[in-house]
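Chemist: Now that you have both chains on their own, put them together as the hints suggest.
Chains as they are written, first to last, in UniProt numbering: chain A, 1 to 353; chain B, 1 to 520.
For the record, the hints were derived by calculation from the structure and aren't laboratory data.
Glycine included, each C-beta is placed from N, C-alpha and C at the ideal position.
Take these hints with a grain of salt, some might be off.
Partial selection, computed: residues in chain B whose CB lies under 7 Å from chain A [to be verified]:
no. : residue
1   : Tyr-51
2   : Lys-128
3   : Glu-176
4   : Val-206
5   : Glu-209
6   : Thr-229
7   : Val-232
8   : Thr-241
9   : Gly-248
10  : Ser-353
11  : Tyr-355
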Amino acid sequence: MGKPARATRKYPPRSPLVGYLLRRLGTSVLLLFGVTVVTFALANLVPGDPIAAALGEGAASNPATVEAYIQERGLDQPLPVQYANYIGGLFQGDMGISLRTAQPVASDLAKAVPATVEIALLAIVVSLGVGVALGSLAAYRRGKISDQLVRVLSLIGLSIPTFWMALVSFNFFFLQLRIAPGAGRLSPILPPPPPVTGFFTVDSLLAGQWVTFTDALAHLMLPVFVLSLFTIGLLTRFVRTSVLEVLDADYVRAGRAKGLSGPRLFFGYVLRGASLPILTIVGLAFGVLLSGTVLVEAVFAWPGLGSYAYNSATSLDLPGVMGVGLVVGVVYLTINFAVDLLYGVLDPRVRLA
Amino acid sequence: MRKQFRYVAAAFGLTASLALAGCAAAAPEVSDSIVIDTAFTLETADPGRNYVPTGYMVSKALYETLLDFAGSDESTPVAGLATFTQNDDATVFTFTLNEGRVFSDGSAVTADDVVFSLNRVAGMTESKANFLMNGITVTKVDDMTVELSTETPSLKLPALMTNPSLAILNSKLVVENGGTTDDSDAAEEFLNSNSAGSGPYVLDRVSFESQVVLTENENYNGDEEIDFTRVVIRNVSEAATQKINLEGNDSQIAVDLSGDQVAGLSDGINVFSTPSAQTIFLLINQDSEVGGVTANADFANAVRYALDYPGLLELAGAGSAQATGVIPPSFLGALADGVEQDLDVSAASLAASGYDGESITLEYPNDYPVGGVSFTPLAERIQSQLADAGITIELAPAPFTTQIDSYVTGAEAFSIWFWGPDYADSANFLPFVAGQKVGLRAGWTAEQDSDVVNLAAAAENATNFEERETAFSNFAEAMQQRGPFVPLIVPGSNIATAEYISGVAYNSTWTMDIAELQAK
Chain A
1 MGKPARATRK YPPRSPLVGY LLRRLGTSVL LLFGVTVVTF ALANLVPGDP IAAALGEGAA
61 SNPATVEAYI QERGLDQPLP VQYANYIGGL FQGDMGISLR TAQPVASDLA KAVPATVEIA
121 LLAIVVSLGV GVALGSLAAY RRGKISDQLV RVLSLIGLSI PTFWMALVSF NFFFLQLRIA
181 PGAGRLSPIL PPPPPVTGFF TVDSLLAGQW VTFTDALAHL MLPVFVLSLF TIGLLTRFVR
241 TSVLEVLDAD YVRAGRAKGL SGPRLFFGYV LRGASLPILT IVGLAFGVLL SGTVLVEAVF
301 AWPGLGSYAY NSATSLDLPG VMGVGLVVGV VYLTINFAVD LLYGVLDPRV RLA
Chain B
1 MRKQFRYVAA AFGLTASLAL AGCAAAAPEV SDSIVIDTAF TLETADPGRN YVPTGYMVSK
61 ALYETLLDFA GSDESTPVAG LATFTQNDDA TVFTFTLNEG RVFSDGSAVT ADDVVFSLNR
121 VAGMTESKAN FLMNGITVTK VDDMTVELST ETPSLKLPAL MTNPSLAILN SKLVVENGGT
181 TDDSDAAEEF LNSNSAGSGP YVLDRVSFES QVVLTENENY NGDEEIDFTR VVIRNVSEAA
241 TQKINLEGND SQIAVDLSGD QVAGLSDGIN VFSTPSAQTI FLLINQDSEV GGVTANADFA
301 NAVRYALDYP GLLELAGAGS AQATGVIPPS FLGALADGVE QDLDVSAASL AASGYDGESI
361 TLEYPNDYPV GGVSFTPLAE RIQSQLADAG ITIELAPAPF TTQIDSYVTG AEAFSIWFWG
421 PDYADSANFL PFVAGQKVGL RAGWTAEQDS DVVNLAAAAE NATNFEERET AFSNFAEAMQ
481 QRGPFVPLIV PGSNIATAEY ISGVAYNSTW TMDIAELQAK
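Chain B on its own, in the form it takes in the complex (with noise of 0.2 Å):
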């Protein structure tokens, strides 16, 4: 019998034997090589055919906008490929190009090649970048200037010129792979696996479900001084293993850490923390058939005031802030403060909207968190807070794939929703707007209120930067004083570093410009 436990325990010892040898192997450290970590939203490395984070991350570093912003600070383009000028009523734009740039492969940045490259995304109807393009004609003037042209006035068009999408590509090397300015293009392939822009790094490689691989162009004279010259952007969805592999130096950076996973890091980890781009509000629908006693400006009024927004914010964790309005902090126009508490002004509104204690259903998607902001217990914690103010709130939790029909449909009475710009752009919350796309969803339309319909219009055709801002922010005030939405939270974007890394700098599209990041 002893005979026959030997060979059990020589078996249980080989396993564990050829455990603890695989892992004995330790990782090689290569020190000017970065390893960023990140949850995955890429889906092509193609900039004209992309419209999602990571990819926006990653073409920013391959590629160079005409123009840039500085750092964190979104309200104000500047100079990137080029410099611009615009006529008096904002429909003309005339770019022109910086002497001397050159793409990876050491031929010369062209007009040509701005005009091939916005037209390819304007031409392409199947990229999801379109849009970006709608409405904007392209003209070279001579072979540095570019001229852009609009129906209306679009002060938003300089804004747009900064999206990695409308990034300029090698036109040359992009038609010999394919290129074209119309739905025939195919030159996806070749730019999937490789680069043809004037950024400080070049494509190496990319796997689109694990990692993508950046090395340095070599060619790259443009203002950046880039300190790694490999970078490594891993799918790694899990946030708690995001925060393990920076405390074990298995990465250099984590982008989607939660407040309160940056509240617990180790020492020797930066947090750059700043409220994101994304605003978590209520909708409360205007449309008697959906909203039944929610159709009500004096029931929206009611919520309003009833909310304790500091005790909704403490859910949220570092970097976030109250939602001051539609527009969140960083965008022109956006307000100071946001609402206070007033429960008097909460009952007096709740007395004249005719509410009668009846239960109203809140619906929310509990299966997708908003930097960090789980649903399901501000849900929870907005009923607690209404019922104090004597609103009765039924929670009606589901998955966000299906609750985004009705939503999208109008068909929600009062729900939690969040939205975030497509661009770095004021223009991007004007949909909030009664009779336009959230307005709609709210059952607001234009006839309901058509004074806050000439306050977007104002914001709209602005012709110069005060006015704008002027417009942009008569139109937030009375988003916040009328409007069927009571913006909640910003949540906060925390990018957490190893203590040796500095340059990180916030962007709402491109969550960070990886060739700003420095070794102290």
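Bound-form chain A, shown alone (with noise of 0.2 Å):
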């Protein structure tokens, strides 16, 4: 009786989709881990005293206070420890205490990005929608005066500045036109809407607080337009540029030799050929978007993740600096892989590769 044939299980094959994006995952974790490092060293890099800073001079000539103060943060410790306590509180969503607002960072962090979020959401959606338009506009008619109007256009909303483009805009359709309300999230004498979400368009909605929801939403209106105009540009010039290369293609004049024309023509082969390059720069756009928010919030004394990071640095406030470093990092490789995702579902080339 010979040997029995060792049994041999067999697993099914892993799907390709299931490995990449282990491997993604795999590198987002190694990524985020060397962001920490990065604005861990680098927040404490920076000259300067953040205890003196944090402390203010009466304060910081009470010895009692300054001992207090050290021993409560475990500044005493020596800096790879004091990593490690970050890296150890990270794990329990204890990302420390803000040096200026002393408010747990996560707390801060957690009302002020969903602020951000919700108007850099909707300008990236205004943002999209009129670009793809004036820039699929501007492509068709090719060399015309409606082509070089929106060139002109587009090349005006990448010039302006912000800020003054901000002030302005403020000043112009608040001041001036009426038309628009003032500076926040919400007019003073509404209360905000029980917190779920953080987005107060939606936490009002969900509350059923109507007259709340139509405050936020117009109060978004002029942040989102100031904040849309450099995206719009971006986005109409690449989708132009994007549409006109595809518009030439063989497949495009296949299908017009078929008889196919209108929506169906240009959603189903124009767009869709020329969407791998927009969505690109709609990844990197919406990061933009998300961590470059600081002069528009500013203005709108929108309380975001840009007033928080510019307030904190300049508060020598590290806790609150590693704090946004960390979500921006996570933004980013998250926007990333959303991206790399969306490209398999738009292009089964890359699905197959």
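Modeler: In structure tokens, the structure reads:
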């Protein structure tokens, strides 16, 4: 009797997509670890005394207060120990206590991030809608007056300084025309809706507060308008270029030859073919919108991530700076991940590769 | 092709109409409410832990202190929750509480509340306000009387008792919610969402990044008669936005406008401009290892008389004034007149100093305007004026957070800095003396000028008002004549309000008392 054949367990073949996702996830974790190392190192390399900056002259002259402050925050520990404590805290959702606000950084960011995401999301939707529309119009009307006009307008959108545009539009639409509300996320007399998502528009709808919803939506419009101008200009130029390339492609000509026209040709052939470079730009633009709203938030008194980052940096609030760095790192990685996945959805060649 | 354009146009139109629909929503108006825009410095609503301006403004509305200041006059404390007497040595101060005063829950204000509140600040070493209670012992005499004593004469104590950090809290309520008189105190969380004071307002809600809402204290039985039953204090960091909000009636008060901005305000806006309590000054290091050629009293004198002070003041705008010494105008002992430019005196001092045309680096923070005064144009003008007097200056700007380290450690030879009081008393300016905190930052040791050290000691230890005023004046005069500091500008404080609002009075600690605001 021969030796029984060794049973070999057969695992179902792993989907290439699952493997890809796992690899990307692993890379993302490593990158996030790198982000924490870099932000921690940079934050601690900045010259200056964060304790003096946080306490002020009077309290910093009081040895008892300085000692209590250092002990409470573990600032007397060696830097590697502080870093290890920081990473240990992160696993428990603890990002430290802000030296500036004296509140947990995680709690500060839980309020600031939704405020910024709310304007950034709406800005990217508006930018995408207007940018695709104008870019396609310019491509279809290549060389004509409407094309020239769109190109000039997009160049203006790219060139106008955001801070200046924010002040001018606030002055014009709020003060002169009186069709926009004042600064902030809500009118002063309205209480914020019960927090669920942190988006005032969504939370007010969930709570059935229609007045708060319209007020929150109204307050979103000017910041979104100002933020969108740059991304509209950027997207318009990219869409125009991409659509122009696709319009001359064989498969579009073939579609036309078969009698396709109108939205079927545009959405099914032209826009889909032009979508990959557009998607790349949208991903980058969304990241820029999330992390680069400092000036717009300052003008519109918007308590978002940009304001938090600026205030943390200028007051040497190291836990605050590291918290913002981590959030921005997560945002960029998530967006890149989502864009890569969408590549596969939009282009079967990417999926197969 | 035309059909495709229609789709494109429709998408564009939809986006635009969504935007317009949103913009069309109008904000409702409430007349008994007031909205105050300010750039927040707010960390806590617990008065015992607070040490920053917006926090003081909030605490002042929610709580009361033993003593107070009347309007903008910060020279003499007046009765608050209590009246006081002192012994001849100025070491024992007896406070008698006013009869019948109650907290917002209706319970009486007693000596136990005073003892608890002051000892709580003294016991919380991690509180930034802890230093205010250094050296002060609190003793209950009876239910309505408390004694505060110090080892040495302390005529600054009455002024300290006006500070909102030393507000009187409802001790029973605070203890029930974790309050203690040592580092184990855990009442901050409670006080961040509830107030426990006897002030004219109670806390409705707080968001440390965006706004604080106060409502009327129904049980308030003090002297203030408030006109606004609801107050919203908003965080608007950009002064230009504060200006537009005020002009557009989205807010009724803007706290942080610069002198230039108030000059361009539209009609129908009132502006209350007054010199603040901040002093911008030049530091001239007297340590030869740090300062080199600047370590010389003659060089300091040359700089002092070379400057055209009205020319510098042009950069500061409304409300600002020339600094007449290290003590700003509203404080006891402040000098009436500042230094006037005298190029002959400057030239003689420069010759005596041994300066030989070498370039001197002027350091300053370039991202930290004080009272709307940016240091970069100020430094450029100083550079230009000193060049006319034969002194060559090289500018070295840096961000505040990186620059302050070298200032605090006394490593700057020649720099522009500023100083503001921690509480409303001239004792705040004694650190400028030789051998003290700010003096040492200028490399000025006590051994270098024992006379001025004695003058400062006399001011510190005075036991009556007249003696103290004279001592502080003598100190300020000596500092102005031979100190290593050249006071330049006291920037203005500009509080702009809607036309129908009156009662604005600037205070160097709490900026303004919200309860004193009135609708005309």
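Chemist: Against this structure, judge whether each hint is valid.
Modeler: Tested hints:
no. : hint    : verdict
1   : Tyr-51  : holds (6 Å)
2   : Lys-128 : holds (4 Å)
3   : Glu-176 : violated (23 Å)
4   : Val-206 : violated (11 Å)
5   : Glu-209 : holds (4 Å)
6   : Thr-229 : violated (12 Å)
7   : Val-232 : holds (4 Å)
8   : Thr-241 : holds (5 Å)
9   : Gly-248 : holds (5 Å)
10  : Ser-353 : violated (31 Å)
11  : Tyr-355 : violated (30 Å)
Violated hints, in rising order: 3, 4, 6, 10, 11; the structure is consistent with all others.
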